[in-house]
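> Work from the hints to combine the two standalone chains into their complex.
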Amino acid sequence: MKARVTVTLKSGILDPQGKAIEGALKSLGIEGVASVRQGKVFDIEVAGADRAKAEAALKDAADKLLANTVIENYRVEIV
Amino acid sequence: MKAAVLVFPGINRERDMARALKLISGKEPAMVWHAETSLPSGTDLVVVPGGFSYGDYLRCGAIAARAPVMNAVRDHAARGGLVLGVCNGFQILCEAGLLPGVLMRNAGLKFICHDVHLRVERSDTPFTRGYNAGQVIRVPVAHGEGNYEADEETLKRLEGEGRVLYRYCSAEGVVDERYNINGAAHSIAGIVNEPGNVLGMMPHPENHVEALMGCTDGRGLFAGLVAHLDRAA
Chain A
2 MKARVTVTLK SGILDPQGKA IEGALKSLGI EGVASVRQGK VFDIEVAGAD RAKAEAALKD
62 AADKLLANTV IENYRVEIV
Chain B
126 MKAAVLVFPG INRERDMARA LKLISGKEPA MVWHAETSLP SGTDLVVVPG GFSYGDYLRC
186 GAIAARAPVM NAVRDHAARG GLVLGVCNGF QILCEAGLLP GVLMRNAGLK FICHDVHLRV
246 ERSDTPFTRG YNAGQVIRVP VAHGEGNYEA DEETLKRLEG EGRVLYRYCS AEGVVDERYN
306 INGAAHSIAG IVNEPGNVLG MMPHPENHVE ALMGCTDGRG LFAGLVAHLD RAA
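Protein chains in written order, with the numbering used here: chain A, 2 to 80; chain B, 126 to 358.
Chain B with its partners taken away, still in its complex shape (with noise of 0.2 Å):
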């Protein structure tokens, strides 16, 4: 898997990112700076990381979104390559248009920052095939701003379209408003793109994936994007 991960002036979760993702794929990921007009040849899969681009001003994201690499993530994505936004990186592809609605305020105001449990929803797709559908999995979150919101209609259609592929729940698997951290419509915690190529996802996966951070839940995405390619390839 040929993995390029982006790196935006006040991104802070790029060499997790990085580590996961050399750790998983055995290869390292190029590291791709934001000016850049281009990704490197051959590239399977865009990670867009985590943490405070351009320090969240006028809105988390939206700066990042309008940098000059995101016209190749854009094209990357409309080939069918992946593309997986996580925290930070989830706020910027909504900003960019890659994903429908928006990332709001926690409900609770605060800044959220613990181990969240995890349903995944289908494991039919490249970002979870790593798991099995209904699994729980336990990931850390870490945000201020992460409360998905979008139109009715645009909900309707991630539902119908079995788009929402991770969900706050409790450690049972129960989604309930009391398991929804932040206030997230329908308490999602990762969509998809509707051709499915692009996920974005507020939880750090990364942040789970050694036994030296006491849970290694998070591997399965990267695992199941690794075994993804490899069919396809």
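Isolated chain A, as found in the complex (with noise of 0.2 Å):
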């Protein structure tokens, strides 16, 4: 089974990083990019097929280490 989890900045913290991307995108030429945020993707390969156990596991996992929930926000999806 595979899985995504998704790990973002939550709102309001400051992302220097996408502020520099911001910055880039925009001497490139690109136009219409009002802001960018940074984030990671991690994707999975999860034994068995039991979903909902997968989910537990995953979320468990982005709790204890995938995502600082001091400051980041994250997603879990069976895909």
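Everything labelled a hint here was simulated from the structure, so no lab data went into it.
All C-beta atoms, glycine included, are put in the ideal place defined by N, C-alpha and C.
Hints may be right or wrong, so weigh each one.
Pairwise CB distance ranges (calculated) [as the list claims (entries may be wrong)]:
#, chain 1, residue 1, chain 2, residue 2, range
1, A, 27, B, 260, 42 to 48 Å
2, A, 11, B, 167, 38 to 44 Å
3, A, 12, B, 240, 44 to 50 Å
4, B, 161, A, 56, 33 to 39 Å
5, B, 281, A, 60, 39 to 45 Å
6, A, 80, B, 148, 53 to 59 Å
7, A, 28, B, 249, 50 to 56 Å
8, B, 356, A, 5, 50 to 56 Å
9, B, 135, A, 12, 30 to 36 Å
Residues on chain B that point at chain A, a partial pick, calculated with CB under 7 Å [to be verified]:
#, residue
10, 184
11, 227
12, 234
13, 235
35 Å max Cα-Cα, derived DSBU-like pairs, lysine-lysine [said to hold, decoys possible]:
#, chain 1, residue 1, chain 2, residue 2
14, A, 65, B, 281
15, A, 20, B, 147
16, B, 281, A, 11
17, A, 60, B, 235
18, A, 41, A, 65
19, B, 235, A, 41
20, B, 147, A, 41
21, A, 41, A, 54
22, A, 3, A, 54
23, B, 127, A, 27
This is the structure:
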């Protein structure tokens, strides 16, 4: 089973990296970019076929390691 | 003072730290590998040194914070044992949940590597008793992610409980955004946990302990710890 955990910065948290990327996009002349926030994507192969179990395990993984919930939100998807 | 310096893959300041501890306490610290599950018996002080544990993969300090030895550090801290985290060590202690908040990318995006001035906010703690309250010390920083951030509630508690021990300032001790090198909330350079036995700080006091280094302002922190433990013994 394939799963994806997406980690994003909470709103209101300053993201200097996103700002730098935003600046670079503007200097490339790419129009219409209002703002950029950088996040992370984890593609994970899960053993077994129990969706609920996989989701619970990945939520645990995100809480314990993949995300720092002080500053980040995450989303778990079984794809 | 019986000190233990943790060693993680990618850490690079552990020998500077060990040298400073030996120099000031007169006692060689134990070097403790991250895979250990216990600390040497009788350890008074655990030091989490600076560097780039695990190449800063995932988030700085995130992987090291989950290493086996950290459970022993948690137990040590829960018993009231002293813990000092410098630079990457501060990041690791935050990730491990031993200190609140998080160290974000420097607001100016640049890696900062030069001397800074710090104002010692109070002198009645194990980590500052070698200084006077309001004293300004000069120590080096070397970090890309030292921008301390926490939610409003946490910052209010840190300030209200006097848990900010070191703040970035001018040579005269003025705290202002101009001297806040990395954009940290409230110019925070170092904080302690609620009971006051765990300190995390971004600057490197261990790198200003000998005349050869051009400055000895960092000695006070270690001398204060030695004095604190002597008194407790």
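> Decide, hint by hint, whether the structure agrees.
Quick rundown of the hints versus the structure:
A C-beta distance of roughly 45 Å is found between residue 27 (chain A) and residue 260 (chain B), which places it inside the suggested range of 42 to 48 Å. Checked against the hint of 38 to 44 Å, the C-beta distance between residue 11 (chain A) and residue 167 (chain B) comes to roughly 42 Å, which is consistent with it. At roughly 36 Å, the beta-carbon separation of residue 12 (chain A) and residue 240 (chain B) lies outside the given 44 to 50 Å, and the hint is violated. The hinted range of 33 to 39 Å is satisfied by residue 161 (chain B) and residue 56 (chain A), whose Cβ atoms lie roughly 35 Å apart.
Checked against the hint of 39 to 45 Å, the C-beta distance between residue 281 (chain B) and residue 60 (chain A) comes to roughly 30 Å, which is inconsistent with it. A C-beta distance of roughly 56 Å is found between residue 80 (chain A) and residue 148 (chain B), which places it inside the suggested range of 53 to 59 Å. At roughly 52 Å, the beta carbons of residue 28 (chain A) and residue 249 (chain B) sit within the given window of 50 to 56 Å. Separated by about 55 Å at the C-beta atoms, residue 356 (chain B) and residue 5 (chain A) satisfy the suggested range of 50 to 56 Å.
Distance hint for residue 135 (chain B) and residue 12 (chain A): a CB-CB separation of about 32 Å, consistent with the stated range 30 to 36 Å. Residue-level restraint check for residue 184 (chain B) holds (minimum Cβ-Cβ distance to chain A is 6 Å; threshold 7 Å). Interface restraint check: residue 227 (chain B) against chain A, minimum CB-CB distance 5 Å, threshold 7 Å, status holds. Proximity of residue 234 (chain B) to chain A holds as hinted, the smallest CB-CB distance being about 5 Å (cut-off 7 Å).
Taking 7 Å as the C-beta contact cut-off toward chain A, the hint placing residue 235 (chain B) at the interface is violated, the least distance being around 10 Å. Between residue 65 (chain A) and residue 281 (chain B), the direct Cα distance comes to roughly 26 Å. Compliance with the 35 Å bound is thereby established for this hinted pair. This hinted pair does not check out: residue 20 (chain A) and residue 147 (chain B) have alpha carbons roughly 44 Å apart, beyond 35 Å. Restraint check for residue 281 (chain B) and residue 11 (chain A): the C-alpha separation of about 20 Å stays at or below 35 Å, so the hint holds.
Under the criterion of a C-alpha separation no larger than 35 Å, the hint pairing residue 60 (chain A) with residue 235 (chain B) is consistent with the structure, at around 34 Å. Using a Cα cut-off of 35 Å, the hinted pair residue 41 (chain A) and residue 65 (chain A) holds, with the two alpha carbons roughly 16 Å apart. Taking the CA atoms of residue 235 (chain B) and residue 41 (chain A), the gap is about 21 Å. The hint holds against a cut of 35 Å. Restraint check for residue 147 (chain B) and residue 41 (chain A): not satisfied, since their Cα atoms lie roughly 42 Å apart, outside the 35 Å limit.
For the hint linking residue 41 (chain A) to residue 54 (chain A), the alpha-carbon distance of about 23 Å falls within 35 Å, and the restraint holds. Proximity of residue 3 (chain A) to residue 54 (chain A) is assessed by CA-CA distance (about 13 Å); at most 35 Å being required, the pair is judged to hold. For the hint pairing residue 127 (chain B) with residue 27 (chain A), the CA-to-CA distance comes to about 55 Å; that exceeds 35 Å, so the pair is violated.
In the structure shown, a violation is registered for the earlier hints numbered 3, 5, 13, 15, 20 and 23, in ascending order.
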